[in-house]
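A.B. asks: Single-letter residue listing:
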Amino acid sequence: MTARDHISYREEIGAYLLGALTDVERREFEEHLESCAECREEAERLRPAAESLPRSVEQVEPPPSLKASIMEVVEREARERSGKPARRSLREWFAAKPAILRPALAAAALALGLVAGFGVAQIAGDDDGRTVVATVDETRVPDATGTLRVEGDGEDGAILRLQGLPRLGGREVYQAWVQRGDRFVPQPTFEVGRDGDGAVAVPDDLSGARAVLVTREQRPGATAPSEPPIINVPL
Amino acid sequence: MPDIRNLADEEMMQLIQAGNPRAFELLYDRHGGAAFSLAYRMVGNRVSAEDITQEAFLSIWRSRMRYDQARGSVRTWVLGIVHNRTIDALRRSLVHDRRRETIEGIEERFEAREQTDVEAARREEARSVRTALDTLPDDQRKTIELAYFGGFSHSQIAELLNEPIGTVKGRMRLGLEKMRRQLSEGFVAGGIA
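Protein sequences appear in the order of chains A and B.
Each residue of the first sequence is one higher than the one before, counting from 1 in this note's numbering.
Each residue of the second sequence is one higher than the one before, counting from 1 in this note's numbering.
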């Protein structure tokens, strides 16, 4: 760490605490914090001021339907968790397969619906769109969760938000796909932060699409999935 | 068995982490209003605020094991998640089109009920924070509001205000420093669970 680095990071403490850094800047800043006791101490000293800000807001009453829609999903997931259905393991399916499948083979696997290990999606909708809960391959990304927010009827795409994903190494990226029949249309790639959270805009028109999927790819620019999806959001 | 309504937030989180939906419902009852209010303050309309609050609470439920008491109160954790989600939404322009008022002119249309001592204390706390914010020099207050409530990055704020980025970063830090001093004289931020 050079003195210049430290000073430039130190100047960003306020922006960091206020959420005014971009994702890339925030990740770099948090890496710096790990190695810089002085910045860490300063951030902790100022943190209560930033954390007081949401408490200054005038209170407005949320509609009762908001609680109802949240609790509907929570109760369903709690029930499923307590009586968890048996899930087929993709590990078995992979047992005789190479770790990285040839794209054509992986695409065929996807087209055949080889998404064993995935549960059933839950949907909460309203007039402006709907939120679909992502199903996750628990054998490969056991801590992952996510939701796809579809705006309107899907013509304007959607936002996929994911949590609990491992950070990838090298040039590896997470790649979103839209499945239309047997075709897989590449969407933007994305990375996740230190906390495992990530989000990606799915800009394609989702009318008539079967699912939004996520795979891990060796590098950006894949034209076909190289593995069965780790995330599957049926539409 | 004690009534879970009498549990402190941190005790309630243990039940939530064990997958208890009733405890989670209580968490929503205690903090859902503040969460919705923060989202509403930031995006300026109820529909987007509802979307964001719903996503945030489902995320809280699914990532409940990540709550660490050592890192702060439950309320701070919940509001932090709502804040991050709202910034994501703003930066992805999901709600920009729906924003109908500026950051300085958001109209408060639905005054919440004020029923309990805790709510009264929170209202008092809100007044203290607003006072601390209002006593900042205008340029520092505006910079902090654009960043925290507007979801703008420091470079966007520099462009909006036609100021160098270094100046904007400096105002953020100075403003927080002054707020910290003022608040520590009045009350300890985060002291009300």
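Everything labelled a hint here was simulated from the structure, so no lab data went into it.
Just to be clear, a hint being listed does not mean it is correct.
[What the hints assert, rightly or not] Derived DMTMM-like pairs: lysine to aspartate or glutamate, alpha-carbon spacing no greater than 25 Å straight-line:
| # | chain 1 | residue 1 | chain 2 | residue 2 |
| --- | --- | --- | --- | --- |
| 1 | B | K178 | B | D138 |
| 2 | B | K142 | A | D23 |
| 3 | B | K178 | B | D134 |
| 4 | B | K178 | A | E151 |
| 5 | A | K67 | B | D134 |
| 6 | B | K178 | A | D153 |
| 7 | A | K67 | B | D138 |
| 8 | A | K67 | B | E159 |
| 9 | B | K142 | B | E163 |
| 10 | A | K67 | A | E191 |
| 11 | B | K142 | A | E44 |
| 12 | B | K178 | B | D139 |
| 13 | B | K178 | A | E77 |
| 14 | B | K142 | A | E77 |
| 15 | B | K178 | B | E163 |
| 16 | A | K67 | A | E77 |
| 17 | A | K67 | A | E80 |
| 18 | B | K142 | B | E177 |
| 19 | A | K67 | B | E163 |
| 20 | A | K67 | B | E25 |
| 21 | B | K142 | A | E80 |
| 22 | B | K178 | B | D117 |
| 23 | A | K67 | B | E177 |
| 24 | B | K178 | A | E30 |
| 25 | B | K178 | A | E80 |
| 26 | A | K67 | B | D139 |
| 27 | B | K142 | B | E124 |
| 28 | A | K67 | A | E151 |
| 29 | B | K142 | A | D153 |
| 30 | B | K142 | B | D88 |
| 31 | B | K142 | B | D117 |
| 32 | B | K178 | A | E58 |
| 33 | A | K67 | B | E185 |
| 34 | A | K67 | B | E119 |
| 35 | B | K142 | B | E185 |
A.B. asks: K178 (chain B) and D134 (chain B) were given as a pair; does the straight-line alpha-carbon distance stay at or below 25 Å?
C.D. replies: holds, 11 Å
A.B. asks: Under the criterion that the straight-line Cα-Cα distance not exceed 25 Å, is the pair K67 (chain A), E25 (chain B) satisfied?
C.D. replies: Judged against 25 Å, a Cα distance of about 8 Å means the pair holds.
A.B. asks: With a cut-off of 25 Å on the C-alpha distance, tell me whether K67 (chain A) and E185 (chain B) pass.
C.D. replies: violated, 37 Å
A.B. asks: Measure nothing beyond the straight line between the CA atoms of K67 (chain A) and E177 (chain B); if it is 25 Å or shorter, mark the hint as holding.
C.D. replies: Violated: K67 (chain A) and E177 (chain B) sit about 37 Å apart, past 25 Å.
A.B. asks: Between K142 (chain B) and E77 (chain A), is the straight-line Cα distance small enough, at 25 Å or below?
C.D. replies: Answer violated: K142 (chain B) to E77 (chain A) is near 42 Å, above 25 Å.
A.B. asks: Does the alpha-carbon distance linking K67 (chain A) and E191 (chain A) stay inside the 25 Å limit?
C.D. replies: violated, 31 Å
A.B. asks: Between K142 (chain B) and E177 (chain B), is the straight-line Cα distance small enough, at 25 Å or below?
C.D. replies: Satisfied, since the Cα-Cα distance of roughly 15 Å is no more than 25 Å.
A.B. asks: K142 (chain B) and E44 (chain A): Cα distance at most 25 Å?
C.D. replies: holds, 23 Å
A.B. asks: Straight-line Cα separation of K67 (chain A) and D139 (chain B) no greater than 25 Å?
C.D. replies: Answer violated: K67 (chain A) to D139 (chain B) is near 38 Å, above 25 Å.
A.B. asks: For the pair supplied as a hint, K178 (chain B) and D117 (chain B), confirm whether the alpha-carbon distance does not exceed 25 Å.
C.D. replies: violated, 29 Å
A.B. asks: Regarding the pair K178 (chain B) and E163 (chain B), is the alpha-carbon distance no greater than 25 Å?
C.D. replies: holds, 21 Å
A.B. asks: When you check the alpha-carbon spacing of K67 (chain A) and D138 (chain B), does it fall within 25 Å?
C.D. replies: violated, 38 Å
Checked against the numbered hints above, the structure breaks hints 4, 5, 6, 7, 8, 10, 13, 14, 19, 21, 22, 23, 25, 26, 29, 31 and 33 and satisfies the rest.
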